[in-house]
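Protein sequence lines, in the order shown, are assigned to chains A and B.
Mapping of the first sequence onto full-length UniProt numbering: position 197 corresponds to residue 197, and the numbering continues sequentially without gaps.
Mapping of the second sequence onto full-length UniProt numbering: position 69 corresponds to residue 69, and the numbering continues sequentially without gaps.
Careful: at least some of the hints might be erroneous.
Among the chain A residues that face chain B by a calculated CB cut under 8 angstroms, a handful are [to be verified]:
#: 1; residue: ARG159
#: 2; residue: CYS169
#: 3; residue: LEU170
#: 4; residue: LYS179
#: 5; residue: LYS183
#: 6; residue: SER205
#: 7; residue: LEU208
Calculated pairs, DSS-like style, for lysine-lysine (alpha carbon to alpha carbon, straight line, at most 30 angstroms) [what the hints assert, rightly or not]:
#: 8; chain 1: A; residue 1: LYS166; chain 2: B; residue 2: LYS124
#: 9; chain 1: B; residue 1: LYS127; chain 2: A; residue 2: LYS162
#: 10; chain 1: B; residue 1: LYS123; chain 2: A; residue 2: LYS165
#: 11; chain 1: B; residue 1: LYS127; chain 2: A; residue 2: LYS179
#: 12; chain 1: B; residue 1: LYS123; chain 2: B; residue 2: LYS98
#: 13; chain 1: B; residue 1: LYS123; chain 2: B; residue 2: LYS104
#: 14; chain 1: A; residue 1: LYS168; chain 2: A; residue 2: LYS183
#: 15; chain 1: A; residue 1: LYS162; chain 2: B; residue 2: LYS123
#: 16; chain 1: B; residue 1: LYS63; chain 2: B; residue 2: LYS127
#: 17; chain 1: A; residue 1: LYS165; chain 2: B; residue 2: LYS121
#: 18; chain 1: A; residue 1: LYS165; chain 2: B; residue 2: LYS124
#: 19; chain 1: A; residue 1: LYS168; chain 2: B; residue 2: LYS98
#: 20; chain 1: B; residue 1: LYS105; chain 2: A; residue 2: LYS183
#: 21; chain 1: A; residue 1: LYS165; chain 2: B; residue 2: LYS127
#: 22; chain 1: B; residue 1: LYS63; chain 2: B; residue 2: LYS36
#: 23; chain 1: A; residue 1: LYS166; chain 2: B; residue 2: LYS63
#: 24; chain 1: B; residue 1: LYS104; chain 2: A; residue 2: LYS183
Calculated from the structure, these hints are not laboratory results.
Keep in mind the model is a prediction, meaning the values are calculated, not measured.
For every residue, glycine included, the Cβ atom is placed at its ideal position computed from N, Cα and C.
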Amino acid sequence: MDLSVLDRLKWLQQQQLVSPEFLQIISSDGREELNRVESYLGNNNDELQSFRHFPEFGPDYDTIDGCISRTSSFRMEPVKNNGDNRAIALQNKRKPQGKTEKREKKKIKSEDETESSMKAKSHMSNTETSSEIQKPDYIHVRARRGEATDRHSLAERARREKISKKMKCLQDIVPGCNKVTGKAGMLDEIINYVQSLQQQVEFLSMKLSVVNPELECHIDELSAKQFQAYFTGLPEAVSKQSMMADFRSFPLHQQGSLDYSVINANQITSLSAKDQTSSSWEAHSQCLYNSFRTDSVSNLFSLK
Amino acid sequence: MQPTSSMNEEFLKKWQMGLQIVRPSIDNTSVSERKKAIKLSADIAMASLRKGTTCWSRALIQKTATEDNFLVRQMLSGIKEEALINKRLPKKVVCHRKIVRRSKKILRRKTKSACEEAAAKAKKLVKRRTQGLRNVVPGGDLMSNDVLLLQETLDYIMSLQTQVNVMRSIVDAAEAGTEQ
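Whole structure, please, built from the sequences with the hints as guidance.
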């Protein structure tokens with residue numbers, strides 16, 4: 001049962017490709033055997049006879065469908081030795097259907113129940129041979145039912161697998177998401193994270209606009225190479241730490257205006273109301289600032 | 001998973017370009033104007049990193065284009081800006097109201113067990129969250145597909161992280177410089 005859904009889909013398609021050939025080969029023998037079986041059933045068991053004429057089973061033998069070959073191919077095998085072959089064949093047949101039809105089963109539960117109850121009765125009353133004959137019928141119906149929804153449920157399953165894969169990736173990216181179980185909680189976390197990132201961008205752009213206007217000139221004048229050196233020189237641990245800490249402790253509802261007066265005296269009026277930050281953020285920026293002082297900043301601002 | 005340094009550099013290069021375009025117009029304006037310009041240029045730089053391969057970047061470019069068409073055109077001049085701005089986003093899926101109503105009726109007809117009810121509730125919660133995510137990610141309401149939405153969200157988060165990283169390092173450096 002380790003097969004992934006796509007493998008199973010392939011397998012199914014192969015089977016369906018093969019099945020018409022089977023049909024051609026087998027059809028004549030199968031028909032004869034069917035007649036034999038019917039006669040056998042007829043003089044043996046009344047209940048089964050009525051079952052035979054159940055409108056869903058009878059006429060479908062004439063229609064061209066993948067399931068005919070399945071049932072007929074079944075019948076070929078158990079003739080030789082009953083127990084083992086049938087078991088193996090059944091395993092092979094049920095493998096792809098059993099898993100994918102779980103949901104399907106629920107839908108057709110009522111019909112299945114009636115069917116299975118009938119089947120159980122026959123099991124109790126009949127000998128082994130009749131149960132062997134019964135089985136293809138059962139599979140035949142299930143295959144026909146499953147046929148319509150099988151691909152759908154397979155596709156649905158593939159889709160769900162894809163989603164869960166993506167969710168796992170998101171779990172890796174979004175910090176604090178691996179503690180949450182359940183899709184809803186994870187989505188919550190993701191939404192919060194994205195919003196916090198967007199707010200950070202807002203905040204940072206605000207901050208940049210307030211910082212010394214001359215700075216922008218310097219940013220513009222800097223060549224890409226210098227920035228490259230600047231980024232590589234940036235200690236990885238510090239930047240990571242600040243990232244991790246900031247998106248959490250970024251309570252924008254917490255009041256506390258940044259002291260921009262040092263930076264720009266004439267623009268403070270409009271700002272003090274808008275800008276908020278927390279003390280922990282300041283601590284982290286302080287720590288970053290200390291690390292910056294050492295080397296990278298000195299060459300960044302050597303242009304001044 | 002942290003954004004790679006190559007992404008950082010690329011973003012920075014784009015952003016520099018944007019700032020150069022923006023700078024003459026915002027030198028002597030109010031703070032809010034400057035902030036808006038900076039944010040716009042950063043957004044466009046972020047979106048242009050993907051060169052229009054993703055849905056969110058296209059949506060973001062369209063959104064910013066309505067705010068400042070000139071800037072967007074200037075910044076995207078390298079990569080066929082016309083095609084990007086006017087690129088059609090996938091159509092919003094609109095279901096006919098009658099069909100929705102009818103399907104709801106059919107749903108109501110079924111009797112539910114406790115287990116099924118709980119499952120339905122969970123599904124509803126997830127659906128609401130997904131809708132929330134759609135509102136947060138640019139162009140999210142155009143992604144009819146859940147898988148696509150999650151994929152785009154992944155990409156968007158990565159880009160946002162790059163943006164924040166670069167901006168933060170510049171702000172920190174600037175603060176350090178002014179205090180020195």
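Evaluated hints:
Checking ARG159 (chain A) against chain B by beta carbon gives a least distance of about 6 angstroms; that is within 8 angstroms, so the hint holds. Annotation: interface hint on CYS169 (chain A) holds; nearest CB of chain B at approximately 6 angstroms, less than 8 angstroms. Checking LEU170 (chain A) against chain B by beta carbon gives a least distance of about 6 angstroms; that is within 8 angstroms, so the hint holds. Contact between LYS179 (chain A) and chain B, as hinted, is not supported at the beta carbon level, the nearest pair being about 17 angstroms apart and thus beyond 8 angstroms.
Checking LYS183 (chain A) against chain B: minimum C-beta separation of about 5 angstroms stays under 8 angstroms; hint holds. Among the interface hints, the one on SER205 (chain A) holds; its C-beta lies about 4 angstroms from the nearest C-beta in chain B, closer than the 8 angstroms criterion. Taken as an interface hint, LEU208 (chain A) checks out: its beta carbon lies about 5 angstroms from the nearest beta carbon of chain B, inside 8 angstroms. Only pairs whose Cα atoms come within 30 angstroms are accepted, and LYS166 (chain A) paired with LYS124 (chain B) is accepted, the gap being roughly 20 angstroms.
A C-alpha spacing of about 17 angstroms is found between LYS127 (chain B) and LYS162 (chain A), which places the hinted pair at or below 30 angstroms, so the restraint holds. With a C-alpha separation of about 19 angstroms, the suggested pairing of LYS123 (chain B) with LYS165 (chain A) holds against the 30 angstroms cut-off. With a C-alpha separation of about 21 angstroms, the suggested pairing of LYS127 (chain B) with LYS179 (chain A) holds against the 30 angstroms cut-off. With a CA separation close to 23 angstroms, the supplied pair LYS123 (chain B) and LYS98 (chain B) stays within the 30 angstroms bound.
Restraint check for LYS123 (chain B) and LYS104 (chain B): satisfied, since their Cα atoms lie roughly 15 angstroms apart, inside the 30 angstroms limit. Among the hinted pairs, LYS168 (chain A) with LYS183 (chain A) is consistent with the structure: their alpha-carbon atoms are about 11 angstroms apart, no more than 30 angstroms. In summary, the hint linking LYS162 (chain A) to LYS123 (chain B) is supported, as the alpha carbons are separated by about 18 angstroms, within the 30 angstroms threshold. A distance of roughly 26 angstroms separates the Cα atoms of LYS63 (chain B) and LYS127 (chain B); the hinted pair therefore holds under the 30 angstroms criterion.
Annotation: proposed proximity of LYS165 (chain A) to LYS121 (chain B) holds, straight-line Cα distance about 23 angstroms (limit 30 angstroms). Of the supplied pair hints, the one linking LYS165 (chain A) and LYS124 (chain B) holds, its CA atoms being roughly 21 angstroms apart against a limit of 30 angstroms. A C-alpha spacing of about 37 angstroms is found between LYS168 (chain A) and LYS98 (chain B), which places the hinted pair above 30 angstroms, so the restraint is violated. For the hint linking LYS105 (chain B) to LYS183 (chain A), the alpha-carbon distance of about 27 angstroms falls within 30 angstroms, and the restraint holds.
A C-alpha spacing of about 18 angstroms is found between LYS165 (chain A) and LYS127 (chain B), which places the hinted pair at or below 30 angstroms, so the restraint holds. Of the pairs offered as hints, the one joining LYS63 (chain B) and LYS36 (chain B) holds, with about 14 angstroms between alpha carbons and a cut-off of 30 angstroms not exceeded. The hinted pair formed by LYS166 (chain A) and LYS63 (chain B) meets the criterion: a straight-line CA distance of about 27 angstroms does not exceed 30 angstroms. Distance restraint check for LYS104 (chain B) and LYS183 (chain A): the Cα-Cα separation of roughly 24 angstroms lies within the 30 angstroms cut-off, and the hinted pair is therefore satisfied.
Violated hints for the displayed structure, listed by number in ascending order: 4, 19.
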